[in-house]
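S.K.: In order, the protein sequence lines correspond to chains L and U.
Take the first sequence: its position 3, counted from the start at 1, is 3 in the UniProt record's numbering, and no numbers get skipped.
Take the second sequence: its position 9, counted from the start at 1, is 9 in the UniProt record's numbering, and no numbers get skipped.
Calculated from the structure, these hints are not laboratory results.
Just so we're clear, the structure is a prediction, and the values are computed from it rather than from any experiment.
Hints are not guaranteed to be accurate.
Said to hold, decoys possible - Straight-line alpha carbon distances no greater than 25 Å define the calculated SDA-like cross-link-like pairs of lysine to any residue that follow:
1) Lys264(L) <-> Ser167(L)
2) Lys264(L) <-> Ile328(L)
3) Lys89(L) <-> Leu36(U)
4) Lys89(L) <-> Ala10(L)
5) Lys28(U) <-> Leu141(L)
6) Lys70(U) <-> Lys89(L)
7) Lys264(L) <-> Ile40(U)
8) Lys70(U) <-> Ala280(L)
9) Lys264(L) <-> Phe177(L)
10) Lys28(U) <-> Ile83(L)
11) Lys264(L) <-> Tyr182(L)
What the hints assert, rightly or not - Derived contacts from chain U toward chain L, CB cut-off under 8 Å, selection only:
12) Val13
13) Ala45
14) Phe65
15) Val68
16) Pro71
Glycine included, every Cβ here is placed at the ideal spot set by N, Cα and C.
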Amino acid sequence: MSKYAGLNNAAISASQCAKIFFLFGLGSAALIVPTAVTAIAKQDAWISMLLVGPVNYLVMAVYLALAERFPNLSIAQYAERVIGTWAGKALTFTYILFFLLLSALVLRNISDFLGLSVLPQTPDWFIDVTFMIVVIYGVYLGIETIARTGEILFAWGLFVVLIILLSLLNQFELSQFEPLLYEGFERPIKGVYPVFGFPVCEFVFITVILPLVDKEERPKLKRYINWTVVLITVTGCLLTVFLIGVLGVSETARSPFAVYDMAKNINIEEILVRVEILVAIVWIGTVFMKLVLCVYVLAVLTGQMLNLSTYRPLVFPYSVLVIPLSLIAYRNSAHTNLFAMGVWTTYSAFQGLLLPSLLLAVAAIRGLRDNGGGMFPKLAQAGGNRGSEADKGQGEEPSPA
Amino acid sequence: MLIVIGISLLAAVAGTLIWIRNGKKGRKRERAWALLLLAIGTTYAIGVQLRLPMPNPVDGITYLFGPVYKPILGWIQEEL
Numbered sequence: 001m002s003k004y005a006g007l008n009n010a011a012i013s014a015s016q017c018a019k020i021f022f023l024f025g026l027g028s029a030a031l032i033v034p035t036a037v038t039a040i041a042k043q044d045a046w047i048s049m050l051l052v053g054p055v056n057y058l059v060m061a062v063y064l065a066l067a068e069r070f071p072n073l074s075i076a077q078y079a080e081r082v083i084g085t086w087a088g089k090a091l092t093f094t095y096i097l098f099f100l101l102l103s104a105l106v107l108r109n110i111s112d113f114l115g116l117s118v119l120p121q122t123p124d125w126f127i128d129v130t131f132m133i134v135v136i137y138g139v140y141l142g143i144e145t146i147a148r149t150g151e152i153l154f155a156w157g158l159f160v161v162l163i164i165l166l167s168l169l170n171q172f173e174l175s176q177f178e179p180l181l182y183e184g185f186e187r188p189i190k191g192v193y194p195v196f197g198f199p200v201c202e203f204v205f206i207t208v209i210l211p212l213v214d215k216e217e218r219p220k221l222k223r224y225i226n227w228t229v230v231l232i233t234v235t236g237c238l239l240t241v242f243l244i245g246v247l248g249v250s251e252t253a254r255s256p257f258a259v260y261d262m263a264k265n266i267n268i269e270e271i272l273v274r275v276e277i278l279v280a281i282v283w284i285g286t287v288f289m290k291l292v293l294c295v296y297v298l299a300v301l302t303g304q305m306l307n308l309s310t311y312r313p314l315v316f317p318y319s320v321l322v323i324p325l326s327l328i329a330y331r332n333s334a335h336t337n338l339f340a341m342g343v344w345t346t347y348s349a350f351q352g353l354l355l356p357s358l359l360l361a362v363a364a365i366r367g368l369r370d371n372g373g374g375m376f377p378k379l380a381q382a383g384g385n386r387g388s389e390a391d392k393g394q395g396e397e398p399s400p401a
Numbered sequence: 001m002l003i004v005i006g007i008s009l010l011a012a013v014a015g016t017l018i019w020i021r022n023g024k025k026g027r028k029r030e031r032a033w034a035l036l037l038l039a040i041g042t043t044y045a046i047g048v049q050l051r052l053p054m055p056n057p058v059d060g061i062t063y064l065f066g067p068v069y070k071p072i073l074g075w076i077q078e079e080l
């Protein structure tokens, strides 16, 4: 491991960025979202998952356009340049609250899943604390370590998803999809709503990760991100198709963790059975990536808002805050359904689409572009030159594009 | 009660570590913010454990976005 791997001025490759983006997308959504979409769109839920693709592409286009204007700055930094220092800090504060709550909700997903299906007698707080210890260590080591972990989990995730789907082919029933589009496109369009907020608009985390991509790799970034959007759409669609084909509409719409329940049905000649734990392992891996990225972005945004020299001292205090938040976030399963599938989408769209679009519009109207360096100042400069002063020193760097 | 003592002890150890690790490197600003966040987190964790009426951000967001999400949810759930 590089001596400086934990510092903020680390760099990752474009493919690593795409892989962590994929894992974030697969994250908690893969296990939970198909249930919500199927409850709305019934047997046409797979069409909803297909319709999400172009929406996802449009949301990513906003982030990529912002990254093109401010290639070396995170959203906290260019917000201050676009709308002024204090308004920018206020905007960053809304993102800090967003990622704080998102971290707590993702942690709650993990404890709910493990508590319901794998460790029913273990207290939630114990699962949360155990998981957060690993998350703290991952965030503390920095983005390079997170990205390398993502490379391992990406391959395993895809492999297990493929194995699970292939193993279920013998139980797939096409009749479960009938009647197709019996109410036209209204239901599939309504089915896009929960996915739009969870996870599409949560992809705003990438505005903090994009400036960390190696400058030589940036020309490839747009292509990688676009292909990842396709991969996320295809994976989501395939999972939904198999859920409906294997479990049927009513069981998928009722099950809190439908993909896990679907994997319980795998039975190939009584030889390959009880492999649902593979789904649990991969899901815990992808959710771990999502939580690590949320806490990392949370700490980095706070560090940048407060002009700190490093985000590391903030990681543990934030984790102490995230655990109790996750414990009290939801009161019961009805509250979970209302918030996660109803309220969250509007909040997520506000933070993930509306605010970045407004920033992009203001930057375009004012003709703002900035190729200056936006990373944290080096630790040696921490006592004197902080934040903007250090940025000015790097401001003459040529644009990587 | 045991868990409250545990949280307090953990916070004290973490606070000491933050103080030591960031004091010597001229990172007093980082130390101050980290300790403030740790104090907020510890207070919140103890409050939750003691079942005090701690503010839940989920309720705040539900209230704040009520005028937006309710009509959308109404449209989605009609004839379901």
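S.K.: Of the hints given before, which are not true for this structure?
M.R.: 2, 6, 7, 8, 10, 11, 12, 16
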